[in-house]
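Top to bottom, those sequences are chains A and B. Take 1 as the starting number for the first sequence in the numbering used here and just add one per residue. Take 225 as the starting number for the second sequence in the numbering used here and just add one per residue.
In short, the hints are calculated from the structure, not lab data. Only a predicted model underlies this, so the values are computations on that prediction, with no experimental measurement involved. Treat the hints with care, as some may be off.
Restraint-style ranges between C-beta atoms, simulated for each label pair [what the hints assert, rightly or not]:
#1 G59(A) to D361(B): 51 to 61 Å
#2 S282(B) to Y120(A): 58 to 68 Å
#3 F271(B) to G28(A): 37 to 47 Å
#4 G28(A) to P435(B): 32 to 42 Å
#5 G198(A) to G289(B): 19 to 29 Å
#6 G28(A) to A394(B): 17 to 27 Å
Pulled a few chain B residues facing chain A out of the computed Cβ check, cut under 8 Å [said to hold, decoys possible]:
#7 P407
#8 V429
#9 S433
Covered by chain A, per the in silico footprint, the following chain B stretches (three or more residues, Cβ under 8 Å) [unchecked claim]:
#10 239 to 246
#11 408 to 414
#12 418 to 425
Backbone N, C-alpha and C fix where the C-beta goes; we use that ideal spot for every residue, glycine too.
Protein chains: 2
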Amino acid sequence: MTTSPAGEQLVRVHNLGVSIDGFATGEGQSRETPFGHAGQRLTEWFFDTAWAHEMWGSGPGGSRGVDNALTESAFRGVGAEIMGRNKFGYQRGPWEDESWRGWWGEEPPFHTPVYVLTHYPRPSLEMEGGTVFHFRDASPQDVLAEAKKAANGLDVRIGGGPTVVRDFLAADLVDHLHVVIVPIVLGRGVRLWDSLEGLEQRFTVETASSPKGVSHMIFSRRTS
Amino acid sequence: MTTSPAGEQLVRVHNLGVSIDGFATGEGQSRETPFGHAGQRLTEWFFDTAWAHEMWGSGPGGSRGVDNALTESAFRGVGAEIMGRNKFGYQRGPWEDESWRGWWGEEPPFHTPVYVLTHYPRPSLEMEGGTVFHFRDASPQDVLAEAKKAANGLDVRIGGGPTVVRDFLAADLVDHLHVVIVPIVLGRGVRLWDSLEGLEQRFTVETASSPKGVSHMIFSRRTS
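This is chain A alone, in the form it adopts within the complex (with noise of 0.2 Å):
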């Protein structure tokens, strides 16, 4: 996916794992539980992907059909990334100190600007490969004006969590949503779709489901 034809700047979530019950992530997150509960078992498909297998070096091999092509396709033409404060780490409140640097290593797999959400601005981060971290207590129109502007005409991806995702629908900010419906029942966690009725009616939808038992929803925006 690139930029439309027009040049317009899309909104895009993609990758976005929930339960049947309508859970995107689990209930406890900590250090080593970054998905609470619901461990690896909403995004079991997405490591399963070659590409996920290229990215975070677990060795040749991986799927590389449907599952594959939509994991890949989150990242190309994407200028710039918002995520929320628990995208980033499993901290809460004011931070204690500011050694934490992300998930993901010295070499995060954003490779352009990436705001994070918080009510507890810090300095921005300037890793390897073209990530910086900028810290944002800000409205979802603003962080995402700033955002449009950095990624320099290509997209902006929303990178979660649900809360985020779920405020950015809300807004009514979001082109293209991908979820991915895991045929599992979480029970606790973090609700996507609370306050969204109605929300597929701004949408078109397209369903493909996957030989690992996931049925990936592709929501577009209505352009008439």
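Since the structure of chain A is already known, use the hints to place chain B on it.
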């Protein structure tokens, strides 16, 4: 689907539409709105099948792919159905009169004994075509024992609505669960998955999307 090779009677749920936020019926059921504010949105894929066209006389045509195959299979090898009172009618509390004979006219599509769970039993109703409605104030285990006996070696279908299906799942009485994930955010209604955390561990799951944009998920009880 028929009974298992060993002759075991299976307990089956079929064709149960569920929104991506986990609701299997809407809010505000009435005589005019059997599915509440959900309207036809959870069942549209079903009524567009060739099987439903034939069954409800909406003329020739209808789809003959995966939706239709799965729809049809629900009606094979079943010797009795158990349903909740809200599937049978829109009334609540004591029956004000007993003239209501279900949503389906004088020849309902069941053609077997049907056990309606209600706190307000009333005399059985013998309909045309072999359907007999029995009204029972009983536990899932007890009504299932009666239905299995009446099914005469064939399977028992749990016909819904969501509360009854959830009760039978919670009691671990279901062998086959076919839900149809519909890409809409319903926002309100009756949630199917509440209190069923970890349900998937008892089942293997197969997923198949259809051109209607829905995603069939078929849970089969693990045998080992």
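(request) Taking the numbered hints from earlier one at a time, note which ones the structure violates and give those numbers from smallest to largest. (result) Of the numbered hints given earlier, the structure breaks none, since each of them holds.
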